[in-house]
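Asks: Sequential numbering from 1 applies to the sequence shown in the UniProt record's numbering.
One or more hints might be untrue.
Once the Cα atoms are required to be at most 30 Å apart in a straight line, the calculated DSSO-like pairs of lysine-lysine come out as [as the list claims (entries may be wrong)]:
id: 1; residue 1: Lys798; residue 2: Lys728
id: 2; residue 1: Lys734; residue 2: Lys798
id: 3; residue 1: Lys487; residue 2: Lys448
id: 4; residue 1: Lys535; residue 2: Lys581
id: 5; residue 1: Lys845; residue 2: Lys734
Restraint-style ranges between C-beta atoms, simulated for each label pair [unchecked claim]:
id: 6; residue 1: Ser949; residue 2: Arg715; range: 45 to 51 Å
id: 7; residue 1: Ala929; residue 2: His748; range: 23 to 29 Å
id: 8; residue 1: Ile141; residue 2: Thr188; range: 18 to 24 Å
id: 9; residue 1: His748; residue 2: Glu780; range: 20 to 26 Å
id: 10; residue 1: Arg800; residue 2: His748; range: 24 to 30 Å
If you are wondering where the hints come from, they were derived from the structure by calculation, not from laboratory data.
The C-beta atom is built at its ideal place from N, Cα and C for all residues, glycine as well.
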Amino acid sequence: MEDKGFANFFEASADMLCIGDMQGYVHAVNPAWEPILGWTPAEVVGRPLSDFVHPDDLEDTNTAVASLRDGASRHFVNRLRARDGTWHELEWSGSFDAARGLVYATARDVTERRRAAFHHARIEAVSGVGSWEIDVESGAIFWSPETYRIHGMPQGAAVALETALDFYAPESRAVVVAHFNALMKEGTPFDLELQFSTAKGRPRWVRSTAGVEWRRGHIARIFGTFEDITERKRLEHNLEQERNRLQATLAAIPDPIFEVDYDGNFIGYHVAEGVPLFLPPDHFIGRPMAEVLPPDVAAIAVEAMREVDATGLSRGKRYRLTPPDGEQTFWYELSASARTPYDASSKPGYLFIARDITEAVQNEAVLRYRDTLLEALFDLSPVGIVLNDLETGAMVDANAAFMSYTGYTRPELLALTYFEVCPPEFHAVDAAQIEILRATGRCGPFEKAFLRKDGRQFPALCNAVRITDDNGRVLIWSLVEDITDRKLREERLQQAERAAIAAREQLVTAVEALPDGFVLYDADDRLVIANGRYKEIYAESAPAMIRGTAFVDILRYGLKRGQYAEAVGREETWLAERMHKHLNPGPMIEQRLGNGRVLRIFERKTPDGGSVGLRVDVTELHDARERAEEASRSKSLFLANMSHEIRTPLNGILGMADLLAADLSDPDLARTAQTIRESGETLLTILNDILDMSKIEAGKLQLVQDTFSPSEIGRKVGALHRLKAEEKGLAFHKDFPADLPLRTGDAHRLSQILHNLLSNAVKFTETGSVVLRITGGAAEPLTIEVRDTGIGMSADQKARIFDDFEQADPSMTRRYGGTGLGMSIVRRLTAMMDGRIEIDSAPDKGTTVRVTLPLPAVAPAEATPPRGTELPALHGVRALVADDNPINLQIIDAFLKRMGIETLLVENGRQAVEAWAPGRFDILCFDIAMPEMDGITALREIRRLAENSGTVAPPAVAVTANAMAHQVDEYLASGFAAHLPKPVRRADLAARVAALVQSVQEGSETL
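Construct the entire structure; sequences and hints are all you get.
Replies: Structure follows, in structure tokens:
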């Protein structure tokens, strides 16, 4: 049964089975030999196996068979010949049965497998791509030979997963582990490029890929490839560097580059950053040049393409191009070369480089201009130019200026050598300069002399350079300037310097003789000179006044010693202020020293940037000025008191006269009352003139700017003086149109000028006439002319007419009256208006006074329409009047009652506050200086009471004899809505009260 079973196995086995002896003869083979090798069992049995073994494998085969005697099984591979002559690789496994003396062997045809393995190994070796495999169940790792080679390990060396990871750089190892874990967990394949070191430590780059094989829902096998990509990485790196270099090169090329295909169509471009394109890319890409470029430029481009076709290159073609904005025309130089096609099927194209040569073209034009200029310079230069041979001295050329110096013609000069036009005594000088020229290429400037044709010499200043002509000859190019005149000037300058030294000595002597301190600082603000008086004034600082010491250091020296009284306690601030004034000199400044002396400092900049200063001791003048200012303050106080004391009784006189005149029906009594009023008005005019003059002298008179009608002012003022003229039997004429252009200026002061001029004209004219003439179109100044037939003036009288408190003659004051201030006020008001005044007069011939004022004209549309002159009805208006003078109370009460106003009279401010109640009064009329409580305090208290009660205090008028400008400003600032000076005119009071009542109705309280 055993034999039968073996026989069945022997016959059915797909592997080749063989039984033989130790001598190598075949006893039996199974049927598998025939389909594998083509031999039938009958053809093999009885023959030695060596008949079929490849000669190269025979020795190994015999050795393997002989080794079976030891009783161990043996595995080996050899090649057997098939019937068709091919060789099959067989993998043998055999054993020896010593009892029977037979060898039992099986053979498996591994020809295809080994051929596949061989080819795989060859492919790995050629491609450089190895493979690897992990049996997940057993943990066995397989590496292909190429994989071993890449790792630098001997083929067949034991490999573990942990040791395999050690080949990777740390950062790559983490990547491998992460991807390997994902592969093991989810079967996610990977394809990684990693940094790697071989077993010998050589750094490499590798590409590792991996995939999995699933069996029954589990990962059974992991396999992948392993490739050394170091060279590829190097090439990629080099390629990237090359790309970067190319990009850098392109970026560094400032010129636009255009790609054009074979047919002349734009297909690409490159421009450096910041280089503009005249057209957007979508306007030319894909379009033929003939459509994009101007015809002349397109023709040049086509010509360049034909040159490239013929020679491979085109250069230097210029063209002009004006961009669409047309602001500037640019010049370009076009270069072209062949463009390699991208593939064999494509036609070659062209690369164009358009270099902007606008600047170069402009420079060429400049160079041509300079060449022309140089030629003209040579011919027209007033300085002599001469060329001569460096070695022989022969004259090569000379310009007209040099020939004029020497008196030679060009042919005569070119027949000479350089040394023949030089005096012998200067030959040594010339030789030394020529040696310098040989060594450095230039020489000079140096002075020498030349010989004229007539034998006379002339001094010259020479400069020379070495040049080489087109033939290689070395020449000397010399500039020769005739300095005869300069030598004469130098002699005169030396004489002037000697004179200047003498003058400086005289100046120093004069400076030292000055009674005032003198000091001079240079452009660096360092001391140059200070006279003895200067050092005497600043005695504490004198030790620091050394030539070259900075001004600021001298100041600091004096500060430390308390020299400047105004600097005590604020030294650094004072120093900064003083330095600013010193470096930026302006008007004179005053300085008080620690010893009590007062200086006036005058400083000015000198043309060279320095400064000069004077220190004048004005201590006595300063003291006198303080005394004068104190006297001025006393005068102002006197005027204020005088004004108050005169206005108070004058208010009673004028007020009572006004009331009396209004009630008298008897003409004689009415004239008496009118005389009283006119006398009072005269006294008021004198008082106002004195106050106006005081304001003008103090600089406190302010002109207002309003729109007014010169015709209206002339009409009103003329009407007042017409009455006085007619009373004296004089003819009064007005010569001006009713529609003179409106003007901008101070209408009140213009009226004052007219009043004074007409008053004088009427006053000093006994017979004849007075004429008022006003002229001036819109583009002309306003001119006022007052002409009379009066007593006239002499030249001496005209010279004094504008002086303060002066009249033409002292006797006139007694005869005609007046303060002598009228014309002085006219002169000063005219000057304040930037006008001028002229007087034509002669004794007994009358006088003409002409005042011209540059007051701007105003178009009627620009003029502000005057407020309505109709006063609102005052019946029912209630007034609270406070004044400590009973007469003033009586007059104001009478004036107000005649206007229909109800009044309540009190004698001081306290009574006024007690009498006031919310809504009780519509207007307040308060004197200022009152006992117990003054008017300002009373108004402030009433306003407080009104605010506490939620009401508004009525408007208040300050009715006071205090009429100085600063006093009026104080009253208005204290809350008074208006001011009326005493003596009070009924018309003025009515106008003020009515205006304030109207302003309350319109929502304003200020007049």
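Asks: Under the constraints set out in the numbered hints, which ones does this structure not fulfil?
Replies: Hints that this structure does not satisfy do not exist here, as all of them hold.
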